Structure formats: C-alpha cells, structure tokens
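Asker: One-letter residues, chain by chain:
2 protein chains.
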Amino acid sequence: MNNKNAFYAQSGGVTSVINTSACGVIETARINKQHIGTVFAGYNGIIGALQEELIDTSKESDASIAALRYTPSGAFGSCRYKLKSLQENKREYERLIAVFEAHDIGYFFYNGGGDSADTCLKVSQLAETMGYPIQAIHIPKTVDNDLPITDNCPGFGSVAKYVAVSTREASFDVASMAKTSTKVFIVEVMGRHAGWIAAAGGLASDCLTEIPLIILFPEIEFMRSDFCGRVEQLVQQHGYVSVVVSEGVRDGSGKFLSDQGLTDAFGHAQLGGVAPVVASMVKQDLGYKYHWAVADYLQRAARHIASKTDVEQAYAVGKATVEMALAGENAVMPAIIRKSNDPYQWCIEKAPLHEVANVEKKMPREYITPDGFGITDVCRQYLEPLIQGEDYPPYRKGLPQYVRLKNVLTEKKLHSFEI
Amino acid sequence: MNNKNAFYAQSGGVTSVINTSACGVIETARINKQHIGTVFAGYNGIIGALQEELIDTSKESDASIAALRYTPSGAFGSCRYKLKSLQENKREYERLIAVFEAHDIGYFFYNGGGDSADTCLKVSQLAETMGYPIQAIHIPKTVDNDLPITDNCPGFGSVAKYVAVSTREASFDVASMAKTSTKVFIVEVMGRHAGWIAAAGGLASDCLTEIPLIILFPEIEFMRSDFCGRVEQLVQQHGYVSVVVSEGVRDGSGKFLSDQGLTDAFGHAQLGGVAPVVASMVKQDLGYKYHWAVADYLQRAARHIASKTDVEQAYAVGKATVEMALAGENAVMPAIIRKSNDPYQWCIEKAPLHEVANVEKKMPREYITPDGFGITDVCRQYLEPLIQGEDYPPYRKGLPQYVRLKNVLTEKKLHSFEI
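One line per chain: the protein sequences are A and B, in this order. When you line the first sequence up against this note's numbering, it's residues 2 to 420, in that order. When you line the second sequence up against this note's numbering, it's residues 2 to 420, in that order.
Bound conformation, chain A alone (with noise of 0.2 Å):
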C-alpha cells in the first residue's frame, strides 16, 4: 500500500458551515481508507503545518465527525496568516516540505478564501519548484462570496439567510412601534468590500411580505442628503424604514464611514462601527427615533438558522476534494455551478486554482437598483436558491449542542520553527 496522508487546514475568518466542508472531506476519505491515509489537520490553519502541529483525526469518532456538519466555527483552529511568495520567503516553504514529508503527507487540502486560494495555488507548485510531489486542492469558503467561477461560496448561503430573516424579524418589530417610538432601525453587516451580504437584506422583503428597506452597499458611494432624503420619504410614505448597511460603506473620499475620528470624554479613539454613524445622521437630519444592530460574528456564527442548501453545498465541495485528489488531480478548486435558477439546480466542477487565486468577484452594478438604494430582480434570481431550506441542529436543555473535538496532535517528528 503507498496511500499518502493529507493535510487539512481552515484558513481566514470562520463560517457556520466550513466545518461541514471538513466534515465532508474526513467522511469521504474514510470511505476510501484504501487509496488514502490519515487525514491531518492543521491545529489553527497552517501555522498548524509549520509548526508542526498536526492534528489526529483519526482518533476522533465518526459521532464526533458527522457532528461537524451542524457544528459552526473552525474545529481545529482557524488563522489569519499569508504565506508570502517563495521568492520573498523560501524558508517557509521549505520547512511544509520538511513537514509533509516527516509525515507522508501527498494531499494539501485548504479551506478558505482568495487568499488561500493563492497559498493553495503555491504549494501545488512545490512540485515543479521544489521537486516535492503533493497535490494541493483548494476549498471554497468565503461569507464575503467574492471568489470567482463558482456560483457562490460556502457560507455566504447561512450568512444571508440570517440577514434576510433578522433583517424582516427586526422590520416587524420597528413597524408596531412606529406610531409613537422608533422610526428607522439601522442593522450592519459584514462585507468590507463587496455588498452580498448587505444584497442579502433585501430578501427581507418580497411580493408576500413588503417592507420599506434601505441597503446600503460597499460599491456605492455614500452620500448623506440622498441617503437621509430616501428614509424621510419611506417614513412618510410606510411609517417607518429598515436599513441595511454594509461595513464597508466609503464615502465620498473614500473614507470608511465608520472611521469617523470618534473619541470618548477622555480624548481616546472610539472604536465604531458604521451603524451608530449613519443612525446620528438620521438623528441629526430628521429627528427620528432610531434603533440600531451590529451582528458581527452573531451572523457568521449563526449555525441555528443556517441555508440547508450553503450546508448541502458546503459539505458536496468537501466530498469532492477527496475524489478529485483521488483522480489525481492537482492546483484545482471544486467549484459550485449552477445549472438552473427555480429550481435551484447545481453540480460541483472543476476549476482550475490559478483561475480562482487572486481574483475578486464583485456585485455587478446590475444587481443593484440605479437609486444604489435596493437590489434588482437578478440579484433576487441569484440570491434567493442560496437561502433555500432549514438545517436545524440537534438540541439539548434549549441549546444547540455542538461537537468539540479531541484534536490530538500527532507526535511532532522536527526541530521547532519560529514563525
């Protein structure tokens, strides 16, 4: 038998469903036990590999493992770190090398967005550069959804379906209270550079259940009579307005709306986010009574109202890395397309890694009305499948119960490497 160990890693900011990517890829390779061996995983992403802190999972149950479906954040640790170029810091690559090597590992599974993307992209070419074979596959994963080629990244599905939900819970909520107490009620969402999630709010309100909504998007520039002029008009015309911002709102000199040069009594930075900013301004402007919301990580988190179709998606790219590193397959991303809107239909392809690595995929000004103010009807067409179905996870005294894994490390077989 020479069946090569893999190494797995989750990379960047956490979502509800990378574990079900995780999930997928452990379950699938427990089921060709004969053609592949352990499956490592890097204990905080793959600083995890450099410093030679792999994880053990075969010393977890199957419980334990099909438990990851349902279970949101990173079981093994997640990190923010880039590995830089091979010209700029060989010394890194040399030491993965030295890693997989110590431990017969052949398969380099990473899980994660445009950055890992490029990392990934780099060790599938250790081979041709460093003359060490491995085949690398990456594994899309992104609530920002700006990775090209496949229709959208898993965890974005969840991320926008908690948005869509909150964001009409919420419009129910400021709508009974509008006669007398609060008029606009303000929620942000993450989205630093692009406006899916922000477009996701705009699900809040469909042909069955209108509601006055405001998004505003990353891509268009802020501009504060415009905007406090629409929320004075839905006012008047409803009673009341939903606004749904992004974090990433610029305005007009490309400033972050919410880098606002706030300090405290004391004189110290005040640390903002951009939904108290824009709920001054209505203040200011208008004199409404406003409520305002930052979800945060409550929305990348939410696991409890997860899109059974992100969860469905999330596990299928976790199963196909496997089989594609199987057939033999090296610097490729399993890529979710789409084959029809209603019903959503989709299949999982190939996607050639240096495709992906390094390209953003934006909104296109089409899926934004020409107000900046809303979202189209093909933005609906595209967003609404993603949204599709509940998963809801198991249950115990009121609380979901998630899995936490052992995460033996396997024993370390190099020097320490100081990163």
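None of these hints come from the bench; they were simulated from the model. Computed from a predicted model, the values in this text were never measured in an experiment. Among the clues, some could well be false.
Same chains, same label: a pair holds when it works inside one copy or across any pair of copies.
[What the hints assert, rightly or not] Using 35 Å as the maximum straight-line C-alpha spacing, the simulated DSBU-like pairs for lysine-lysine come out as follows:
no.: 1; residue 1: LYS351; residue 2: LYS180
no.: 2; residue 1: LYS309; residue 2: LYS91
no.: 3; residue 1: LYS284; residue 2: LYS363
no.: 4; residue 1: LYS407; residue 2: LYS309
no.: 5; residue 1: LYS180; residue 2: LYS91
no.: 6; residue 1: LYS34; residue 2: LYS91
no.: 7; residue 1: LYS320; residue 2: LYS83
With the hints as your guide, set chain B onto chain A.
Answerer: Frame of chain A; chain B shown alone:
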C-alpha cells in the same frame, strides 16, 4: 343575548410572542361566542382606544389568527403611552368610557409590562371611580422579565434563548480565531434596569460545553480594572473570552457606561452602545483584538429561535385572560406559577393586579456570583427551563412566513379626540 365586546391592546416594546398571547385571547373568545362578543384591538395600543381606532378582529380569518401564534412584533401596533392618574387627566378616562360605551365594551385586556399593569389597574377601577362597569385583566409581557408574582414574563424566554444560543455560537467562532486574531468578543444585550437578559448569556456555557464568559450586569457597579483583570485572566487561561454586557451597566458614579460623551469629528454627540465602550477599554488596557456586536431589536424579534416554553406560556396567559373574564374576574393578571424545576411544571393562577402594578422584580443578588461576573447554580435552575424547546415558524423560499392582518377599523361613532 347580552354578551359584551372586548378591547385588547398591546403596550410598550413588542416581543416575539406577544402576538401569541393575542392569538390565545382571540381564539378563546371565538370558541366562547355565546358569552363574549367581538374582540376589538386597539390600533397602536391604548392610543387606538382614545382615538376610537378599533380594529375589528372578527374580520380576520381563523387561519390569520392562528398565524399570530408564530408571528413576532405587535400585529395591531403598540405604543409607549402611559395614562396619567385620574386626578391628573380625567379627560382621558372619560374618553375611554365614551369609546367603551359606544362599542359595548365590557372587557379590557391589556398586554404589557409594569407601566401597563398600572394603566390596567386604573381602568379596572372605572366602575368604582366613574360608574362604568368593566372587567380589566392584565396580560403579562416583557422581555425585561421584571413583573412580580409570575414565574417569568412571556417574551423573556425567547430573548433568553436567542442570547444563550448566539453567545454560544459566537464563542465557538472566537475560539477558532483566537490564535492569530480576535481574543475578546463582546455582545450587548437589552435590560436597562435588570440583568435578566444578560444572565441568560450565562446559559451558553454548561457542563457539556464550557465557555469562558464574563457577564456585566446593571446590578453590579462596573469597575474597569476588575473587568480588565478578569478578561486578562480568562484569555491567559483559555485563549479567548466572551463578554455579555447589559445596556444598563453603570460606572461608580451611577452613569450609564454607554453615556461616554462621545463626539464625532464635527463635535456632534455620538449615539453609543455600551459594547464599543467596553471594547475600547479592552483595546486600551490590554491590547487584545476584539469584536463586538449589538443585538438590539434582533433579540426581541427573533421568532425564528423562540423558546417553545415561552410560546406555550404566552398562549396560555392569553387564553386564561378570556377564561378569567368569563368567570367574572376584574383587576387580575394570569400569572405563571412554577411547580417544579426538573421537569419544569407550571400552571396559570390569577394574581391581584394591585400587587403587580408598579412592583419591579429585581434579579436576586444570589443569582449573581460573588465576583459579579457570572450566574450561580440557582440562577441557572431558574433560567434553564424557560429556553426549553424549539418552535419553528413555517418557511417559504427560505424565509419565515409571518402574517400581516387586514386590521380593518370599525366605524367610528364619536367625535375625534386629541391626545
């Protein structure tokens, strides 16, 4: 037949289950048609009574009324409007009587918190004080959980569940990022005067899923050095910590921590939450990377993750209200009486309204750990039953399908009235 009509109104901040109580009232009235006439709902609460804007709920289908059971917010509109005393504003009471008389109303059902209980008590005395026969029954509702006698207040259990679930999920997230990124996560929750909701965050951690948590209660004077010391200790021990902070936390001088006199670059006062203030302290004193969230309306509107226990109790108090009315009761409130913790058993009994109005149930000090940063076992025993069970709403295209009523106003018979 001499069956009087009923007036029902929603008061104050809405919840994810106040409509469930409305559903209990209307469905129970409908099956007692021989004894009770039409249920009129106040359009925007008590203001609807004063302005003779009475929603005729008999115009709504059985299916729509049944859908109230799983629809958050206040379906008839709520308001923040407290009737003054009879001495201070006799005019309003005379108007109420005129409206009640014009529409043959003999039952007054008021669904709210402490202030509303006081209003309801005043209305219950109209027979005595102003010669108008009416039976007034208060239906408990408030996420603040501060009404006396009743085991808990419908609305609270669902917020508690949301906070516990969200805190657990976000804690899993920060745990996976802590190695190279965020080490401190802060979530701000409601509760201006009492720490019940913040305490629910403590449920996120239990014997099967331990999580390093700090809870900041409004009952405990905030000491920056103690807090930062505890953060430091838990980060050293576990690598990360989650902080659940009540919006009502105050410093040694009694000032709200959120009221930090923030100003923006133009010197305008900034509308802060307490979470960013606490985050700033962590940054300044310890230098840790943090993330913060403010749940705001998301928590009290989150019907998608409502507590089944809460839903059942909200319905039960609505149902009991009509039954008590038909039994001839006046000036009472259906209260939830706990009979045992495990299994959680409860029943509904009537509480005298004069013992409810203007009495605030505080968190007992023994519910908070001696260091002021956590919940005790006795607190856990109290809280745990309240978040039991899930009660999911129906979904369509990935979104919960909440009902909007037609809200047909009955014809006015009186002149208009200025409030």
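Asker: Indicate, hint by hint, whether the structure satisfies it.
Answerer: For each hint, the structure was consulted:
no., hint, verdict
1, LYS351 to LYS180, "between (54 Å within a copy, 32 Å between copies)"
2, LYS309 to LYS91, "neither (42 Å within a copy, 57 Å between copies)"
3, LYS284 to LYS363, "both (32 Å within a copy, 33 Å between copies)"
4, LYS407 to LYS309, "both (27 Å within a copy, 33 Å between copies)"
5, LYS180 to LYS91, "between (65 Å within a copy, 24 Å between copies)"
6, LYS34 to LYS91, "within (33 Å within a copy, 83 Å between copies)"
7, LYS320 to LYS83, "within (25 Å within a copy, 60 Å between copies)"
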